[in-house]
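From first to last, the protein sequence lines are chains A and B.
Numbering of the first sequence is given in the numbering used here, commencing with residue 1 and proceeding in unit increments.
Numbering of the second sequence is given in the numbering used here, commencing with residue 1001 and proceeding in unit increments.
Rather than coming from a laboratory, the hints here were simulated on the basis of the structure.
A few of these clues could be false.
[Stated by the list, open to error] No more than 20 Å apart at the CA atoms, straight line, and that leaves these computed lysine to aspartate or glutamate pairs for DMTMM-like:
1. A/Lys57 x A/Glu68
2. B/Lys1036 x A/Glu68
3. B/Lys1051 x A/Glu100
4. B/Lys1027 x B/Glu1005
5. B/Lys1038 x A/Glu68
6. B/Lys1051 x A/Glu78
7. B/Lys1064 x A/Glu52
8. A/Lys11 x B/Glu1003
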Amino acid sequence: DTGVSQDPRHKITKRGQNVTFRCDPISEHNRLYWYRQTLGQGPEFLTYFQNEAQLEKSRLLSDRFSAERPKGSFSTLEIQRTEQGDSAMYLCASSLLVYEQYFGPGTRLTVT
Amino acid sequence: SQELEQSPQSLIVQEGKNLTINCTSSKTLYGLYWYKQKYGEGLIFLMMLQKGGEEKSHEKITAKLDEKKQQSSLHITASQPSHAGIYLCGAAPDTGANNLFFGTGTRLTVIP
């Protein structure tokens, strides 16, 4: 049983650099979500895809963030001109039913 | 905006003891979702509760939903070290939402 996978698991970058994360959802899941989690907090919703269409974006998703899901399969989340405040765990989840979401292991981003 | 408050924030119990974690919503609940997270990892889906009075069990973990009180409880019987982690409750912000928002979590430590 293949779950949600994310790559890389850890990323350290210097402020101002661009970073890109990848998420591979469970194959039959048409819904894909990105969340961000900081230490001691629950995950915060960033964006949602149904198939290849990005249907919802949180106010947390500033114009430095962009997400894609070409062909409705894997998804990428890019952060341009990273800032120290972007340091967090970036979690991807996928689902068939809207709320029964299955999460990946996350990508931990550290901006120095 | 809706908030989910979890109590206690942290819990240390001796192996074999029972424990309860509570999740209270500031607004009407449209379903309540329990997840477990090991430190630094992704979330593992535990249970989904959708109707008032609903109760579900998985192994030694039981969750109940009290819609009137806008509250859910998670009860672990005869705790084991494998139960240690962060327990998060999640809810949909409204009936048409495509995302979950989460409480800040309860950190459970089980002492062998």
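Handout entry: Non-conforming hints, listed in increasing numerical order
Key = 2, 5, 6, 7, 8
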